[in-house]
Amino acid sequence: MFNSEIHGRNTRQIKNFHQPISNLSLYQTGILNSGIKIYNNLPPFLKRASYNSTEFKLLLRNFLHSNPVYTLDEYVNHKATAW
1 MFNSEIHGRN TRQIKNFHQP ISNLSLYQTG ILNSGIKIYN NLPPFLKRAS YNSTEFKLLL
61 RNFLHSNPVY TLDEYVNHKA TAW
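The opening residue of the sequence shown carries number 1 in our numbering; numbering runs sequentially from there.
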């Protein structure tokens with residue numbers, strides 16, 4: 001579910017997936033929540049290509065080869081400073 005389906009305000013994050021709030025650490029570190037974090041932190045050119053799976057795979061592979069990250073925290077923190 002996208003943020004645009006949650007509210008009608010035109011914000012910068014309107015095309016991101018909505019990240020549900022949870023107090024359980026098991027959920028916060030789970031695969032669904034991690035997947036949402038990863039997608040929401042992709043550069044805009046990769047998000048635009050996500051509608052075409054072949055192009056998306058190629059661009060994502062090239063992006064990960066040129067920007068290697070090893071943990072989710074490293075990816076989220078690196079995103080804010082580099083791309």
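Treat each hint with caution, since some may be false.
Said to hold, decoys possible - Computed spacing ranges between beta-carbons, pair by pair:
hint	residue 1	residue 2	range
1	M1	N23	16 to 22 Å
2	P44	H18	14 to 20 Å
3	T11	V76	17 to 23 Å
4	K57	I6	17 to 23 Å
Unchecked claim - Restricting the straight-line Cα-Cα distance to at most 25 Å, the calculated cross-link-like pairs of lysine-lysine (DSS-like) are:
hint	residue 1	residue 2
5	K57	K15
6	K15	K37
7	K47	K37
Derived by calculation from the structure, the hints in this document are not laboratory data. Heads up, the beta-carbon is just placed ideally off N, CA and C, and yes, glycines get one too.
In ascending order, which of the hints set out earlier in this document are inconsistent with the structure? Structure breaks hint 4 only.
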